[in-house]
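Asks: The primary structure of each chain is shown beneath.
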Amino acid sequence: MSDVMAPKTPQWWKKSDVKKTAILWVICTAVIGFGGVELHVRNMVRPASETMSGVINLMRIFTWAAAPVAGLVGAMCLTVLTSGRHYGDNPPPDADHEIRNSPRTTAVWVSLSAVLCLFALVVGLVVFQRDSQAILDKSALQVNVTGQQWVWNFDYANGARSQDLYLPVDKPVVFHVTSVDVMHSFWIVQMGIKVNANPGYITETAVTPNKIGVFDIRCAELCGILHSYMQTKVHVLSQADYDAWFAAQGRVEAKS
Amino acid sequence: MSVQTHAHHEHPDVVGSRNRLGVILLLVADIAFALSMIFVYFYLRGQNVNNMWLPAATEKRPAILPLSSTPSWTVTAIAAFGLLAHFYALKGVRAANQTQLKLGSLVALLASLIAIVYQFNTIANAPFTFSDGAYVSCFYLFTILNFVHLALTVFISLGNWNRSRLGLYVADHWHVDIVRIWWVWMVVSSALGAFALSYP
Amino acid sequence: MTTLINRPAKTPSKSIIERLNLFTALALGAVSALVVWRLALQFLPQDVEGVRILTREDKITLLSMLAWFIGFMSGIGALVGPFRWVMGKDLTHEENMFLAGKDMGTKRYFRYTTDHKVVGIQYLIITMLIFFIGGSMAMLIRTNLGHAGGGWLHPQAYNSIVGTHGILMIVGTIIMITGPFGNFIMPIMIGARDMAFPRLNALSFWLIVAAAVPLIWGQFIGGISTGWVAYNPLASQAPLGMDGYIMFICIFALSTMVAGANITTTVVRMRAKGMTWNRTPIFIYGVVASVALALPAFPVFFLSQIMSAFDRALGTTFYNTRGGGSGWLYENLFWIMGHPEVYVILIPAVAALMEMAPVFTRRPLFSFNVAVMGIAGIAGLSALVWAHHMYMAGWAPLLNAPFMITTELISIPTGMLFLVLVGTLWRGRLWVTMPLLSIFALLWNFMIGGVTGIYLSDVPADAFLHGSMYVTAHFHYTLMGAGLTGALASLVYWFPKMTGRMFDKKLSWISFWLVQVGFNTAFIGMFLVGLAGQPRRVEAYAPTFSVANLVTTIGAYIIMAGMLVLLYGVIFSWRDGVKAPMNPWQAKTLEWTVPFPIPLENFDELPTVTSDPYGYGKAKP
Ligand code: HEA
Ligand code: HEA
Ligand code: CUA
Ligand SMILES: [Cu+2]
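Each protein sequence line maps, in turn, to chains A, B and C.
When we follow our numbering, the leftmost residue of the first sequence carries the number 188, and every step to the right adds one.
When we follow our numbering, the leftmost residue of the second sequence carries the number 151, and every step to the right adds one.
When we follow our numbering, the leftmost residue of the third sequence carries the number 24, and every step to the right adds one.
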């Protein structure tokens with residue numbers, strides 16, 4: 188903070204509380220950045236797509252970016268709290284200054300948050316742009332998703348329909364999502380994609396699964412009594428397994 | 151408009167300007183309401199979900215055709231006439247002409263009554279049921295809410311006329327000024343609705 | 024003039040105003056509702072081929088609720104003024120004094136009393152009641168979520184409790200500062216004798232009472248099974264309880280409009296002589312920004328519910344896609360109100376703490392101008408960000424990027440509020456009291472809530488987080504961690520002025536620590552399950568989430584303990600607390616210059632203001 192400089196007071200950066208804050212700032216930033224990232228990343232699901240890895244990365248970057256600002260606030264609070272407190276029923280004497288503002292501090296603070304904000308925007312928009320491109324991929328597998336109270340139905344190119352989703356690994360998929368009754372939200376948890384299923388409309392989202400395994404699909408929009416149970420699985424198979432499954436489905440369809 | 155403070159030793163001008171601000175602020179709310187109604191109309195019209203803005207004919211019933219917007223413009227015109235009458239009354243009271251005040255307020259009251267009856271007729275005679283598509287829904291929303299607006303207008307102009315009649319506006323007339331603000335907004339909002347309904 | 028001697032020969036018959044009170048209102052409301060219900064049952068035609076099954080029942084329910092509303096408002100006396108105006112018999116000075124509750128004792132709390140101090144206390148009581156009910160529902164939620172698998176509540180009941188908890192808490196937080204403190208304290212703080220429109224003031228309060236009944240009523244006819252947002256088309260499918268929600272919102276919206284116009288006019292027109300805009304306390308700015316923001320926002324909500332009612336009762340198709348309607352329309356209308364509304368809640372809470380900061384650090388407010396700019400910036404931007412709640416709706420993928428930009432820009436003015444608070448703490452002489460601790464608590468909680476808001480505002484991240492418990496944790500950190508914390512501090516800070524007694528210090532400390540520790544335990548846990556992928560509004564979840572959920576439940580019980588201590592503190596201190604001096608905190612705003620009990624018209628002589636109220640600290644030579 189910039190004071191009016193009285194002759195004997197040291198320059199502002201040499202004042203003891205400023206020094207203390209500076210040290211605490213470094214510590215707080217490190218603790219918040221490290222702790223925040225750990226808290227987020229450790230608890231997030233293991234990614235099953237590039238998109239989800241991107242999300243986890245974003246959380247890491249954002250947390251580290253926000254850490255210095257949060258750290259500064261924390262450091263200043265700690266400094267204040269540790270330099271003299273008054274308890275009691277009557278007020279302490281007034282503080283020994285009457286600083287009412289400091290254009291320099293304000294400017295620094297506002298530019299700092301503006302830079303931070305800009306950074307978050309740029310990083311976010313770049314990732315967003317990449318994700319949105321995927322929807323336009325014409326060569327991708329196309330799956331129609333229909334939500335209804337309280338199940339998911341998946342329709343494939345060959346006319347097959349299933350209630351568990353089957354996908355080949357490493358192949359882009361585009362989902363065309365709709366609903367027959369109320370709003371649902373189609374969420375493949377480990378792939379970090381989600382889009383609402385609206386009656387009367389078709390919405391789109393896209394992903395490329397990059398791991399073989401079984402993952403969760405959950406409905407993420409309150410849709411009535413059994414919303415909690417509107418869950419299903421996605422089976423990501425190797426291309427060969429997928430082809431076999433797909434052919435089998437085609438036959439089932441043809442027979443019936 | 152009927153609001154006053156119990157701080158009794160204040161100049162009428164002070165009270166008047168305070169009341170004007172209060173009414174304008176309440177109108178801000180009403181304006182937000184009206185604008186979102188316009189948004190509803192054009193959003194649904196633009197979306198035309200399932201082609202049901204104006205449903206096409208089916209075996210069971212013929213196609214839904216939009217009503218002409220003329221009745222809506224007519225209501226607006228009647229309301230505008232009421233506004234003019236109120237202006238006339240206001241000019242009267244400003245010129246200390248009580249007769250003109252009474253005449254103007256009476257005509258304004260009559261105009262609001264005619265408008266509300268007319269509006270009621272439009273609603274009652276509309277050839278739709280409520281579930282005939284999005285346009286029809288909006289049609290009912292606009293006309294019914296305009297009806298409510300008009301009911302308020304009748305109430306206010308009744309009060310205004312009665313108070314003029316009783317000679318309450320001899321000393322100061324800020325009530326009449328404020329009623330004008332309401333009238334202006336009444337006409338504008340009615341025109342907004344008519345404007346929207348002109349683009350079925 | 025003693026009435027003993029001058030008693031008139033014949034007591035004139037009591038005027039209608041003197042007869043009306045809460046009991047006539049309840050009676051008239053109940054009778055009207057019953058009569059209309061019976062008539063509607065008798066005369067409403069059966070549905071022909073219903074678009075919805077419940078149409079006729081909805082008509083009956085809505086009409087009865089409307090009858091309740093009109094009956095109650097007539098019975099309390101809200102219509103007397105307007106009708107007297109039409110009849111040309113304006114209220115006399117005596118009648119106005121009667122309405123203001125002159126010499127009436129506690130009875131005035133049960134009638135259409137216009138004195139702003141009475142209205143303030145009424146608001147305080149109803150806010151606490153709302154929080155009490157909402158808090159109890161939260162405990163039901165948490166108990167149900169204590170272990171994995173299906174809880175003990177029926178899913179429908181669970182959904183309904185969540186929805187009711189949400190809307191009650193939101194309404195509670197909207198009024199928690201502008202209601203009690205905005206009414207009781209604010210006029211004195213600006214040196215006015217009352218609000219600009221005392222009768223509108225009473226109206227805004229009694230509208231809330233009238234609104235509460237349909238909501239409670241709704242609980243018994245199916246509840247609000249849609250969450251607090253009441254998305255359509257789910258809402259048009261919901262049981263009759265939804266009509267209670269619709270009525271509740273419509274009446275509450277009226278209340279906010281009336282209160283907004285009243286408070287804004289009071290501040291703009293009735294500040295004491297010499298109280299220029301840069302001498303007006305920052306709390307006043309917060310209150311005005313809040314109500315002025317609500318003024319254009321709530322009508323949109325109002326309209327959305329009217330259309331909901333039309334859809335349910337008349338069979339229109341605003342939200343029914345089969346008839347050309349659109350769920351996206353509802354979402355847009357809801358969030359055009361819904362986002363400004365969160366700042367309606369936040370701004371006065373932060374402003375109240377800004378008002379207290381100089382008092383408890385004994386130094387001037389740091390950068391009044393930045394505070395005002397921050398508040399103005401938030402208010403301005405808040406109208407442009409609503410679609411960040413709809414990134415995943417798919418309604419306009421091309422608009423996601425612009426809305427992401429506006430949303431993240433809001434962090435800049437919000438950061439300014441942080442600067443003001445931290446700047447004021449810096450080099451202050453801390454007087455450690457519950458309000459001071461609350462400033463630190465707000466900084467901590469709102470930093471977490473705000474920064475997680477930035478994560479959510481990022482579209483790719485939101486694709487993972489939307490609809491998960493992470494969102495729930497985010498908004499509890501902002502609503503409760505920031506908003507409610509500010510309100511609780513205000514309660515303790517202004518308690519002496521409102522009740523004449525100090526809030527018991529020990530109890531305020533115990534409750535503060537219990538609430539804050541419990542809160543952080545509970546909602547950090549909730550962030551974790553959100554990240555692990557637990558959706559919102561589920562009454563059963565996978566076993567992987569059980570540990571963190573248990574932690575959250577334990578945290579919630581600690582909050583409950585803290586809140587019970589607080590409640591005890593309120594009752595105890597109000598009855599038996601230490602009598603408060605006129606200015607216990609040695610603060611410099613005007614409300615501390617009036618004695619207790621505060622005279623009916625606050626000031627014998629209206630004060631003149633010559634400086635801002637932040638003149639603490641030693642002047643440099
Ligand atoms: C008081 C209430 C309140 C407040 C203040 C906020 C503040 C913010 N909220 Fe929150 N929000 C809610 C209440 C609130 N919110 C509610 C109730 C919901 C859910 C509704 C529902 O679905 O039921 C919600 C949901 C919600 C969503 C939708 C999530 C989803 O459903 O998918 C998003 C997305 O963008 C969001 C973002 C933000 C942002 C960016 C802020 C910003 O205002 C935060 C700004 C503050 C800071 C950033 C910290 C301080 C700043 C600095 C120290 C400066 C420097 C920092 C940076 C530049 C990063 N909120
Ligand atoms: C201000 C708003 C607010 C507050 C304070 C709270 C408080 C709490 N909330 Fe709530 N909550 C919401 C707003 C709020 N909530 C909203 C909007 C939703 C979304 C609903 C939806 O999804 O539709 C939600 C949803 C929600 C859920 C998610 C349900 C689900 O998605 O399945 C959960 C789960 O644990 C929860 C828990 C709690 C708990 C344990 C508390 C506890 O902290 C409660 C403790 C008790 C109190 C805080 C009251 C005590 C106060 C007083 C006695 C008076 C003080 C007086 C004055 C200030 C004058 N809440
Ligand atoms: Cu489908 Cu929730
Ligand atoms: Cu928002």
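The set of hints was computed from the structure by calculation and includes no laboratory data.
A virtual CB, placed ideally from N, CA and C, is assigned to each residue, including glycine.
There's no promise every hint is true.
[As the list claims (entries may be wrong)] Straight-line alpha carbon distances no greater than 27 Å define the calculated DSS-like cross-link-like pairs of lysine-lysine that follow: (1) LYS641/C to LYS130/C; (2) LYS130/C to LYS82/C; (3) LYS130/C to LYS201/A; (4) LYS112/C to LYS125/C; (5) LYS207/A to LYS641/C; (6) LYS252/B to LYS241/B; (7) LYS112/C to LYS241/B; (8) LYS528/C to LYS611/C; (9) LYS641/C to LYS202/A; (10) LYS358/A to LYS325/A; (11) LYS112/C to LYS130/C; (12) LYS125/C to LYS602/C; (13) LYS206/A to LYS611/C; (14) LYS112/C to LYS252/B; (15) LYS358/A to LYS398/A.
[Stated by the list, open to error] Covered stretches of chain B (chain C as the covering partner; in silico rule of three or more C-beta atoms under 8 Å from a C-beta of chain C): (16) 178 to 187; (17) 226 to 239; (18) 270 to 278; (19) 300 to 314.
[Said to hold, decoys possible] Among chain C residues calculated to face chain A with C-beta under 7 Å, some are: (20) PRO256; (21) ARG292; (22) ARG385; (23) MET396; (24) LEU421; (25) LEU422; (26) PHE426; (27) TRP454; (28) VAL474; (29) TYR478; (30) ASP481; (31) ALA486; (32) PRO566; (33) THR567; (34) ALA584; (35) GLY640.
Asks: Does each hint fit the structure? Answer for all of them.
Replies: Hints, one by one, checked against the model:
1. LYS641/C to LYS130/C: violated (48 Å)
2. LYS130/C to LYS82/C: violated (37 Å)
3. LYS130/C to LYS201/A: Violated: LYS130/C and LYS201/A sit about 63 Å apart, past 27 Å.
4. LYS112/C to LYS125/C: Between LYS112/C and LYS125/C the Cα gap is close to 21 Å, so the pair holds against 27 Å.
5. LYS207/A to LYS641/C: holds (24 Å)
6. LYS252/B to LYS241/B: Judged against 27 Å, a Cα distance of about 11 Å means the pair holds.
7. LYS112/C to LYS241/B: Holds, at about 24 Å.
8. LYS528/C to LYS611/C: Distance ~22 Å between LYS528/C and LYS611/C Cα, so the pair holds.
9. LYS641/C to LYS202/A: holds (19 Å)
10. LYS358/A to LYS325/A: The given pair, whose Cα atoms are some 12 Å apart, holds under the 27 Å limit.
11. LYS112/C to LYS130/C: Since the Cα atoms of LYS112/C and LYS130/C sit roughly 26 Å apart, the hinted pair holds (cutoff 27 Å).
12. LYS125/C to LYS602/C: Cα-Cα ~24 Å, so holds.
13. LYS206/A to LYS611/C: violated (33 Å)
14. LYS112/C to LYS252/B: Holds - the C-alpha atoms of LYS252/B and LYS112/C are around 18 Å apart, at most 27 Å.
15. LYS358/A to LYS398/A: holds (11 Å)
16. 178 to 187: That given contact holds, which follows from 8 residues of the segment 178 to 187 of chain B lying within Cβ reach (below 8 Å) of chain C.
17. 226 to 239: violated (count 0)
18. 270 to 278: violated (count 0)
19. 300 to 314: Held - the segment 300 to 314 of chain B has 5 residues with a Cβ nearer than 8 Å to chain C, which meets the minimum of three.
20. PRO256: Holds, about 5 Å.
21. ARG292: With a minimum Cβ separation of about 28 Å from chain A (threshold 7 Å), the hint on ARG292/C is violated.
22. ARG385: At 4 Å from the nearest chain A Cβ, ARG385/C passes the 7 Å test, so the hint holds.
23. MET396: At 9 Å from the nearest chain A Cβ, MET396/C fails the 7 Å test, so the hint is violated.
24. LEU421: violated (9 Å)
25. LEU422: violated (12 Å)
26. PHE426: With Cβ-Cβ at 11 Å, over 7 Å, it is violated.
27. TRP454: This hint holds: TRP454/C lies near chain A, its Cβ roughly 5 Å from the closest one there, short of 7 Å.
28. VAL474: holds (5 Å)
29. TYR478: holds (6 Å)
30. ASP481: holds (4 Å)
31. ALA486: holds (5 Å)
32. PRO566: Not OK, violated: PRO566/C not within 7 Å of chain A, min 13 Å.
33. THR567: violated (10 Å)
34. ALA584: It is violated, given that the least Cβ distance between ALA584/C and chain A is near 24 Å, above 7 Å.
35. GLY640: At about 3 Å, which falls below the 7 Å cut-off, the nearest Cβ of chain A leaves the hint on GLY640/C intact, so it holds.
Checked against the numbered hints above, the structure violates hints 1, 2, 3, 13, 17, 18, 21, 23, 24, 25, 26, 32, 33 and 34; every other hint is satisfied.
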